[in-house]
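Protein chains: 2
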Amino acid sequence: MMNRYWRIDARPEGTNFAGALKLVEAPVAEPGDGQIAIRNAMLSMDAGTRMWLTDRTDGYQPPLEIGAPMTGLVLGEVAHSRHPDFAEGDLVRAFGVWGDLSVVDPVMSGAIKLDPTVEDRRAWFGPLGMNGWTALWGVEQTGAAKEGETVLVSAAAGATGILAVQIAKLLGCKSWGIAGGADKCRFLTEQIGIDGAVDYKAADVAAQLDRIGGVDVYFDNVGGRLLDAVLTRMNHYGRIAVCGLVSDYSSGSRTAPQEFDQVLMRRLRIEGFFSPDFMDQGERLTARLRQWVEAGALTMPYDVTRGLENTLDAYAKLFTGGNIGKVIVELEQ
Amino acid sequence: MMNRYWRIDARPEGTNFAGALKLVEAPVAEPGDGQIAIRNAMLSMDAGTRMWLTDRTDGYQPPLEIGAPMTGLVLGEVAHSRHPDFAEGDLVRAFGVWGDLSVVDPVMSGAIKLDPTVEDRRAWFGPLGMNGWTALWGVEQTGAAKEGETVLVSAAAGATGILAVQIAKLLGCKSWGIAGGADKCRFLTEQIGIDGAVDYKAADVAAQLDRIGGVDVYFDNVGGRLLDAVLTRMNHYGRIAVCGLVSDYSSGSRTAPQEFDQVLMRRLRIEGFFSPDFMDQGERLTARLRQWVEAGALTMPYDVTRGLENTLDAYAKLFTGGNIGKVIVELEQ
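Heads up: the sequence lines are chains X and G, in that order. Going by UniProt numbering, the first residue of the first sequence is number 1, and it counts up by one from there. Going by UniProt numbering, the first residue of the second sequence is number 1, and it counts up by one from there.
Okay, chain X solo, but in the shape it has when bound (with noise of 0.2 Å):
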């Protein structure tokens, strides 16, 4: 079997991935005892993996190696098993490899069959994959958000974000998100129906952070001077829910909030979460977002690409704001 796929040559710098992946076409060993063959519907884009992408070995994941295929989320439907949980035909989902064909062990990349009669398949990737759980998990339980209080998420018109500002409605939350651009903030108040959003690229940041008139939760996803500019307006006792730092990911720099006295002034509680931690509660999780997919009142803008050769454009979408919503390259088949 011959399979196209992206190869990490080296580590990219900033957002020139163009100049660490390459797409290639090698021939792949066929699925081995225990290993299923998965032939890749679409690819889902996330934030997260740039770091598997760096030299840094004191992430959460360890670096992919120079030479390796890129690994990420993969959805399809098995094209052959020598596994006995998982036959021809199955449509599942797993951390495979960029590209027309993941060959892998279900259990070492996380693979879960999934039920296909759920109409639009893309919410695999979205409310009902790992962005909806850490969405829910971050509103209810590291942030343990309570009804009335007030939540405010970072990035909040992409994947994660823009799932979490809609549970902490859910959830009986004021409910703010920030986001880069008149457009984006726009689509979250007037398409989303939450209660305010944040231009965070407008001139007047701090004064439109102000008319929150402060925050019990902040959902963040990007760290940075944004962080600091929240520390000082969260409300004493308020939690801040970590999902993610991707202003560093790409910047080089790391976020060192010069606000963190605020942590002791205001008695705040920040906790660093990510989905794997809570995988086992999927099936739980998956349940409660169904619910809600089913009733219409949880949504996701899906900005899709076709093509396995357009994925590079798509991911950096992820680092330049370039997306409302799930990002997802759909693969011909």
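Since the hints were derived computationally from the structure, they do not count as laboratory data. Mixed in with the good hints there might be a few duds.
[What the hints assert, rightly or not] A few chain X residues that face chain G, going by a derived Cβ cut-off under 7 Å, partial list only:
1. THR255
2. ASP261
3. ARG267
The beta-carbon is built from N, C-alpha and C at its ideal position, and this holds for glycine as well.
Start from chain X and add chain G according to the hints.
Relative to chain X, chain G alone:
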């Protein structure tokens, strides 16, 4: 009535307290309706009061005003009472005046009647006071230390720290402390009996910290660069209980953790706490602490200065690392 007391004439720079506080003698009004007059027998020296001397309005207490008497915890007998719950001769602890007399509203000043049968009444400023409450709360509640885990405490030879390391051991944890200088470290391991001590003034701090083998709970009184050094040595899902940022109080610089992203990498929880938040639990906390004290399991070295006129020398020790244990000023009566 005349009263000698320390008046705030200016905001102190660094540890130049003599340039800011002046011992004056002035008439004091008799207690009004609902007030009491305390004849101060002891003053408690606490680093947290340093913040009230700045003009920062975003701290956890508003700044003390220029011209006002310096405020802190005092212990003494009620000399005159116009409050029904307090009688002449009652032993009390309250937020009062650094002076011979404190005329206060007992509710506003958090005045508490003390059991006069406790043999060493200095304990009301140590294990049975704010330091004890804070140590127990920080290790058990904020830090959520579990049996068998490793607890590390900064400023471990200070009044709160020396209780926190002992409480960690009493709760079944491995207990490590950070202190300045070989003498303090030896005191902690040999006299207090904790598992290990790190001398932050030594050249090999990093190697010493590595020897701990991973930290589950960091009880931080200091902030600053030490916090960064510990962040990279926290175990996954570790907790950092931020009790104080004493490195900030006098230096003028502010803690801005360069290793903040470890919050995400290791899924840490960082939480600020301070004693007024659990004042209402004081009786329960005191009862538990008193059992340990009476069993001889919780000890406190006292660093006692005699005479109101020497208060500033005692106070400065908190910021120059000049003390082991609780710094107290005893007044002549």
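*asked:* Next item in the hint list is X:THR255. Is there a CB on chain G closer than 7 Å to its CB?
replied: Since chain G brings a Cβ to about 5 Å from X:THR255, closer than 7 Å, the hint holds.
*Would the stated hint for X:ARG267 survive a check requiring a Cβ distance to chain G of less than 7 Å?*
5 Å, holds
*asked:* Quick check on X:ASP261 please, does its C-beta sit within 7 Å of some C-beta on chain G?
replied: 5 Å, holds
Figure legend: structure checked against the earlier numbered hints; every hint is met.
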